[in-house]
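> Going line by line, the protein sequences match chains B and G.
Each residue of the first sequence is one higher than the one before, counting from 139 in our numbering.
Each residue of the second sequence is one higher than the one before, counting from 5 in our numbering.
One should not assume that every hint holds.
[To be verified] Here are the simulated DSSO-like pairs of lysine-lysine, each with C-alpha atoms no more than 27 Å apart in a straight line:
| id | chain 1 | residue 1 | chain 2 | residue 2 |
| --- | --- | --- | --- | --- |
| 1 | B | Lys191 | B | Lys141 |
| 2 | B | Lys141 | B | Lys208 |
| 3 | B | Lys195 | G | Lys101 |
| 4 | G | Lys101 | G | Lys6 |
| 5 | B | Lys195 | G | Lys6 |
| 6 | G | Lys46 | B | Lys156 |
| 7 | G | Lys46 | B | Lys141 |
Honestly, the hints are just simulated from the structure, not real lab data.
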Amino acid sequence: DVKVTQSSRYLVKRTGEKVFLECVQDMDHENMFWYRQDPGLGLRLIYFSYDVKMKEKGDIPEGYSVSREKKERFSLILESASTNQTSMYLCASSLLQVGELFFGEGSRLTVL
Amino acid sequence: QKEVEQDPGPLSVPEGAIVSLNCTYSNSAFQYFMWYRQYSRKGPELLMYTYSSGNKEDGRFTAQVDKSSKYISLFIRDSQPSDSATYLCAIRGNFNKFYFGSGTKLNVKP
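Construct the entire structure; sequences and hints are all you get.
Now the structure itself:
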């Protein structure tokens with residue numbers, strides 16, 4: 139069974155804290171993605187990576203960074219969390235050029 | 005024009021009804037089409053995946069792609085209260101881009 143695992147389902151952080159969201163996939167996929175999902179705004183791409191140590195900005199990269207040191211792991215970093223980053227964060231993975239996209243269970247972040 | 009358009013609903017049906025969910029898309033070159041089911045506070049779960057045109061069936065679910073009309077559909081037969089969720093259509097574009105509909109919220113009443 140294919141699996142994308144996000145380490146934290148629910149997090150509560152304070153403004154200014156550094157936040158790490160971890161994602162691991164077991165499908166040997168080249169592509170990994172971070173999206174955020176907000177009511178009325180749908181899914182928005184933050185960053186994606188097509189290979190180890192490679193990253194590409196998505197539609198809303200401001201305030202975020204990413205790290206991909208191993209093929210199976212993709213981390214999203216909020217250097218200094220702000221209240222407008224309260225959201226559902228979704229990690230996803232896919233093969234490089236073909237096939238479907240698989241999502242993790244999501245990480246719901248609240249920034250106070 | 006958005007790449008994918010989806011009616012947000014909500015859609016409310018009685019248990020046992022046939023449900024039809026639809027999306028339209030803009031680029032005739034798109035080849036990979038997906039439907040996801042998303043329960044509240046959970047990640048989207050891949051339901052159906054179709055390459056190119058035609059129909060694909062899996063149990064009570066049928067995905068249909070009409071490339072001439074640039075129209076994709078998901079049919080749910082014998083709908084159950086457990087089918088109540090938000091359904092997202094998605095399309096794979098070029099350069100590792102995925103395009104998503106806004107989601108249709110479905111409520112199946114017992």
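> It remains to establish, for every hint, whether it holds in the given structure.
Here is how each hint holds up against the structure:
no.	hint	in the structure
1	B/Lys191 with B/Lys141	22 Å, holds
2	B/Lys141 with B/Lys208	16 Å, holds
3	B/Lys195 with G/Lys101	12 Å, holds
4	G/Lys101 with G/Lys6	14 Å, holds
5	B/Lys195 with G/Lys6	20 Å, holds
6	G/Lys46 with B/Lys156	24 Å, holds
7	G/Lys46 with B/Lys141	14 Å, holds
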